[in-house]
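Residue numbers (the working numbering), protein chains in the order written: chain S, 1 to 284; chain L, 1 to 315; chain U, 1 to 324.
Among these hints, one or two may not hold up.
Now the in silico label distances, taken between C-beta atoms and shown as ranges [as the list claims (entries may be wrong)]:
1) S:M45 <-> L:Y150: 46 to 56 Å
2) L:L111 <-> U:E197: 44 to 54 Å
3) S:D41 <-> L:P168: 45 to 55 Å
Since the hints were derived computationally from the structure, they do not count as laboratory data.
Since we're looking at a predicted model, the values are computed, not measured.
For each residue, glycine too, the CB sits at the ideal point set by N, CA and C.
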Amino acid sequence: MKLVRSLLVPFLARPIALAGLLLLLIVLLGAIFAPWIAPFDPDSMDPIIRLSPPGGAHWFGTDQYGRDTLSRVIYASRMALLVGVGVVVFALITGVPIGVLSALFPRLGQVLMRLVDVLMAFPSLLLALGLIVILGPSVANSILAVGFGFLTTTTRIVYGLTLRIRSETYVEAARSMGSRTLWLITKHVLPNLISPLLVQASFIFAFAQLAAASLDFLGLGAPPAIPSWGNMLAESRQFITRAPWLLFFPGMMIVLTAFALNIVGDSLRDRLDPRFREMLRGEA
Amino acid sequence: MSFFVLKRVTAMLLTLFFASIIIFGFIHVIPGDPIYVMLGDTATPEQAEKVRHSLGLDQPIIVQYLQWARRALTGDLGRSIFYQAPVLEAIADGAETSILLASITMVWVLLIGVPIGMIAAMRHGSWLDQTLSGAAMLLASVPTFWVGLYFILIFAAWLGWLPSSGYPSIFDEGGIANLRYLLLPSLTLAAPNAALILRLTRASMLDVSREDFVRTARAKGIRPWRVTTRHIFRNALLAVVSAFGFTFAALLSEAVVTETVFALPGIGRLVVQSILNRDYPVIQGIVLVVVVIYLVVNLIVDISYGLLDPRVEMQ
Amino acid sequence: MLNVSDLTVSIGPDAAPVDLVSGVSFAIAPGEILGLVGESGCGKSMTSLAAMGLLPRPGPRIRSGRISLAGADVTQLEPWRRVEGGHGAMAMIFQEPMTSLNPVRRIGDQITEAVLVREKVSAAAAAGRARELLELVRIPDAALQLAAFPHQLSGGMRQRVMIAIALACRPTVLIADEPTTALDVTVQFQILGLLRELCNKLNMAILFITHDMGVIAQLADRVAVMYAGRIVETAPAKELFGRPAHPYTRSLMACMPIRGTGTGKLRTIPGRAPRPGSIKIGCAFAPRCPDARDICHQAAPPRQEIMTGHNALCAFPVSDGRPL
Numbered sequence: 001m002k003l004v005r006s007l008l009v010p011f012l013a014r015p016i017a018l019a020g021l022l023l024l025l026i027v028l029l030g031a032i033f034a035p036w037i038a039p040f041d042p043d044s045m046d047p048i049i050r051l052s053p054p055g056g057a058h059w060f061g062t063d064q065y066g067r068d069t070l071s072r073v074i075y076a077s078r079m080a081l082l083v084g085v086g087v088v089v090f091a092l093i094t095g096v097p098i099g100v101l102s103a104l105f106p107r108l109g110q111v112l113m114r115l116v117d118v119l120m121a122f123p124s125l126l127l128a129l130g131l132i133v134i135l136g137p138s139v140a141n142s143i144l145a146v147g148f149g150f151l152t153t154t155t156r157i158v159y160g161l162t163l164r165i166r167s168e169t170y171v172e173a174a175r176s177m178g179s180r181t182l183w184l185i186t187k188h189v190l191p192n193l194i195s196p197l198l199v200q201a202s203f204i205f206a207f208a209q210l211a212a213a214s215l216d217f218l219g220l221g222a223p224p225a226i227p228s229w230g231n232m233l234a235e236s237r238q239f240i241t242r243a244p245w246l247l248f249f250p251g252m253m254i255v256l257t258a259f260a261l262n263i264v265g266d267s268l269r270d271r272l273d274p275r276f277r278e279m280l281r282g283e284a
Numbered sequence: 001m002s003f004f005v006l007k008r009v010t011a012m013l014l015t016l017f018f019a020s021i022i023i024f025g026f027i028h029v030i031p032g033d034p035i036y037v038m039l040g041d042t043a044t045p046e047q048a049e050k051v052r053h054s055l056g057l058d059q060p061i062i063v064q065y066l067q068w069a070r071r072a073l074t075g076d077l078g079r080s081i082f083y084q085a086p087v088l089e090a091i092a093d094g095a096e097t098s099i100l101l102a103s104i105t106m107v108w109v110l111l112i113g114v115p116i117g118m119i120a121a122m123r124h125g126s127w128l129d130q131t132l133s134g135a136a137m138l139l140a141s142v143p144t145f146w147v148g149l150y151f152i153l154i155f156a157a158w159l160g161w162l163p164s165s166g167y168p169s170i171f172d173e174g175g176i177a178n179l180r181y182l183l184l185p186s187l188t189l190a191a192p193n194a195a196l197i198l199r200l201t202r203a204s205m206l207d208v209s210r211e212d213f214v215r216t217a218r219a220k221g222i223r224p225w226r227v228t229t230r231h232i233f234r235n236a237l238l239a240v241v242s243a244f245g246f247t248f249a250a251l252l253s254e255a256v257v258t259e260t261v262f263a264l265p266g267i268g269r270l271v272v273q274s275i276l277n278r279d280y281p282v283i284q285g286i287v288l289v290v291v292v293i294y295l296v297v298n299l300i301v302d303i304s305y306g307l308l309d310p311r312v313e314m315q
Numbered sequence: 001m002l003n004v005s006d007l008t009v010s011i012g013p014d015a016a017p018v019d020l021v022s023g024v025s026f027a028i029a030p031g032e033i034l035g036l037v038g039e040s041g042c043g044k045s046m047t048s049l050a051a052m053g054l055l056p057r058p059g060p061r062i063r064s065g066r067i068s069l070a071g072a073d074v075t076q077l078e079p080w081r082r083v084e085g086g087h088g089a090m091a092m093i094f095q096e097p098m099t100s101l102n103p104v105r106r107i108g109d110q111i112t113e114a115v116l117v118r119e120k121v122s123a124a125a126a127a128g129r130a131r132e133l134l135e136l137v138r139i140p141d142a143a144l145q146l147a148a149f150p151h152q153l154s155g156g157m158r159q160r161v162m163i164a165i166a167l168a169c170r171p172t173v174l175i176a177d178e179p180t181t182a183l184d185v186t187v188q189f190q191i192l193g194l195l196r197e198l199c200n201k202l203n204m205a206i207l208f209i210t211h212d213m214g215v216i217a218q219l220a221d222r223v224a225v226m227y228a229g230r231i232v233e234t235a236p237a238k239e240l241f242g243r244p245a246h247p248y249t250r251s252l253m254a255c256m257p258i259r260g261t262g263t264g265k266l267r268t269i270p271g272r273a274p275r276p277g278s279i280k281i282g283c284a285f286a287p288r289c290p291d292a293r294d295i296c297h298q299a300a301p302p303r304q305e306i307m308t309g310h311n312a313l314c315a316f317p318v319s320d321g322r323p324l
């Protein structure tokens, strides 16, 4: 509870940060309650009203099949959240153990961090594309492919943070008193990792959004039948001159979500212990 | 200093060695028989055998790796199945576009990111700083292809000022003026990266300006502008230099999307098309080339950092 | 030379300012070392930064008072404006010689830069002067060290370089803010000796700030004791150590370990110094004062003169071991 309250403080003090948090909340609620909020069935087609501009019953207009853009945008937020949360979870459940163990057991760490260095020699989207080639395009695989790129950065950050925490005197003291490694991790290391990782998670979420949208746009992400913001942009691309508004709303949703996440991450970081702050510059 | 360079070069070669194993292994972890995946199910066993032999896939794996590595070192990256030409040739065809795009983009990134980041830091806390920092964060949150599509709509379709797609070589008809084809793509690609460099420049200027030696400089009676340029900016630039490698990687990644949007005949679009064509030797070759370029850029960044920061030599 | 009168430094909004330094006055003559002593957080560093025109911005500001340098009012002037105005030169050295030098520029560079601020001479002449300055602060192989980077020098050497930089502007006033705190005891000794020597040789006025009574005893001609943003006692050094009048000064001295006695016990002053702005009425030291009476908690203490040049901000100062 104390943690929650201390995390809320930076938002209450800064209007723009509060706006970011609210925006995320709206996207979250929209995703959860999509069937009740969306005015139309996102998949129902109506050729008569195809490519109609915003206004009337269709606030955001309709696409080339006459589907309601607003409804599709709302349903697509589910995809965005799924991918974002999926990538964050993947990055954390792989990066945290590898990073913590590497820092606590230097010999193991040398091997693992060397491996991380090698993986970091691949630009992230290229790594993702390679994995997609191996695994084939699907929602789960784009989560995996994008997540893989953040495995390395998360591991590095956790490694650095843990080394720092470990070298602090109180952990040294705990070590010298002969406490067990598991206890050391749960009692000293993990609690100290929570806030910096929360910051990291919001940046990963933001960048994962953008990366997944890129994959969708290239036709290598979620199957075209699934409404996602990236897919919507890819499909509407050829109609840009006839219906320029068609690309506006899904694109704007990507921007706003990523922007909100970046603001939230930034505000959380400002509250961080200054020793950890320099490690989290927001490059994810 | 030479010891430092030697150490870095060794580390880089080691990383390249391990990376090459991953890149080599790539073809072997593709599910199914890669030969049939490449050729399609209609291929006859004779055709398949021929391709298998030409790829050397009928030999022990370590032999295969060594042969592949030896050929790669001599510039032979195999043959493209789709283009029926050496992979290196296909890559070389796209190189001009990609190299020019990356260079022009990097110029934008530094030209926009560093000075504006510096201004924001100098006006720390003012409305100007807040506006610039906010705009930078917004820009970093924008998908490049979305911006690119609207750029095409506005500047090519509506205003007709610039070409919407493609890129004829500067060595062809039109000469250097053909660079106008790269104006929109490079600006598109520069936007999010300039935003990151802007934020980094600003943050490290603020960090440095809180250092004790800046107070020493002010105590000497040096004018504020000179304190900013000679002491704060110079030291803050170190952080920007070390981020150059990271920015370059981000740029290589996003170039794949940008080249697709603007239909540029570069390496990025080649990789996407090769994925759709299942032209695995080309994908493999491109990944290898890009990793080598990226590692070399990082090596150069590391060494120049060592030259700029006298403390590095000690480590 | 340096004259600070009724200086008040505050932080926070104008409507409800919190005073970090209140009504501080002192003057230093050429060739004199004034020691400013007090616990950390008592406002002594803030006083020195204000005097130097280096208060961090945004942050604390000078709310009232006057700082004059050889008669010229420099209260609100940053160092570069003082240079521009042609006011007497003032320089400062800091506590952390490790971080006070720019890590990526050569020592020689950093000294010549300071030389060129005040003297429009050629680069070669400035470099020559930088070498002279390094010799002046007793750095061996001065010519060689000009090309060194800060991290290649020891802490003591770096503080000598800092002093050389300070001397580059031919200062009439030097502020030394805990310059020896971060150094080993033997190195500390050498630096203190160097400062005394330079003070006499160059006829500078030195404001020496420290929390260490031992250092004060060794170096200062006159001493000002600070507590909770105010100077509570001023006296010539001999007089102060011989006849401390303020109970706080006496407590500080009781805390000094006396060499050779070896009783092994370090005394401390009970309680903690008040936070800025927390004391509204009465004497700031009253809660910790062994001799406090009711009046001390209720009314601000008067400044009482013990003898010429020796005064204390106390209702019941002690003189010759007897109440005044």
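Results of checking the hints against the structure:
| no. | hint | in the structure |
| --- | --- | --- |
| 1 | S:M45 <-> L:Y150: 46 to 56 Å | 26 Å, violated |
| 2 | L:L111 <-> U:E197: 44 to 54 Å | 53 Å, holds |
| 3 | S:D41 <-> L:P168: 45 to 55 Å | 47 Å, holds |
Hint 1 from the list above is the single one not met by this structure.
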